[in-house]
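Peer 1: Sequence:
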Amino acid sequence: YICWLSADDLFLGRKISKQVELMARHPEMGFSYTAFTVIDGNGVQQYAVDSPYYPEKKDLVRQLAKGCFINGSSVMMRRVAMEKVGFFDEGLPQAHDYDLWVRFLRHYDCGYLRNYLLAYRWHGENMSRNPDYECIRIVQERIKTLFLEWVN
Numbered sequence: 046y047i048c049w050l051s052a053d054d055l056f057l058g059r060k061i062s063k064q065v066e067l068m069a070r071h072p073e074m075g076f077s078y079t080a081f082t083v084i085d086g087n088g089v090q091q092y093a094v095d096s097p098y099y100p101e102k103k104d105l106v107r108q109l110a111k112g113c114f115i116n117g118s119s120v121m122m123r124r125v126a127m128e129k130v131g132f133f134d135e136g137l138p139q140a141h142d143y144d145l146w147v148r149f150l151r152h153y154d155c156g157y158l159r160n161y162l163l164a165y166r167w168h169g170e171n172m173s174r175n176p177d178y179e180c181i182r183i184v185q186e187r188i189k190t191l192f193l194e195w196v197n
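Heads up, the sequence shown is in our numbering, so the first residue is 46 and it goes up one at a time.
Calculated directly from the structure, the hints in this document are not laboratory data. A portion of the hints provided could be inaccurate.
[Claimed, not checked] Simulated crosslink set (DSS-like; lysine-lysine; CA at most 25 angstroms straight-line): (1) Lys63 with Lys189; (2) Lys189 with Lys103; (3) Lys103 with Lys129; (4) Lys189 with Lys129.
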C-alpha cells in the first residue's frame, strides 16, 4: 500500500490499519479515502468534513467530473494498482492527485471510511487556496475521454 502525508497534516487514530483492513477485505479496490477534520495553523480543530462518497462507480465518476472532493492525504492506494495506472502526471503543477483518482477508477473500485482519520491543516498558504483552473480543466477533459459512456 502507498499513502502520503503532506508536511503540515496529521494522520489520526488508526488510519493506516483501518484502511489496510478495508482494502484487504476488498481486493477490487485500487484506493480508498477517509473523512477528515480541518485544523488551523496552530493545530486547533475548526470543523469536520465527511467527504462525499458514491458506492456506484458511475455516480462517483460523474461527481468527480464536477470537481475533486477527495483529500489526497486521506488516500491509501494499492501499490500494484498504481503501477498499472501510472504515477502522478508531472506535467500538471496542480490537480495531479485528482487526475490519478480518475485513472484508478478506470480500472478499479474505490472505498471510503466515514472515520475522521486525517487532520488537514488550513493555514491560508495552502496550494489549494489558489487553484490552477487550467489543470482542473485538463483533468475534467480526461474524465470525459476515459468515461465517454458516463460523462458528457
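Peer 1: Run every hint past the structure and note whether it holds.
Peer 2: Against the structure, the hints come out as follows:
For the hint linking Lys63 to Lys189, the alpha-carbon distance of about 33 angstroms lies beyond 25 angstroms, and the restraint is violated. Taken as a hint, the Lys189 and Lys103 pair is honoured in the structure, with Cα atoms around 12 angstroms apart against an allowance of 25 angstroms. The hinted pair formed by Lys103 and Lys129 meets the criterion: a straight-line CA distance of about 21 angstroms does not exceed 25 angstroms. Between Lys189 and Lys129 the alpha-carbon distance is near 20 angstroms, which keeps this suggested pair within the 25 angstroms criterion.
Hint check: a violation occurs at hint 1 only; the rest are consistent with the structure.
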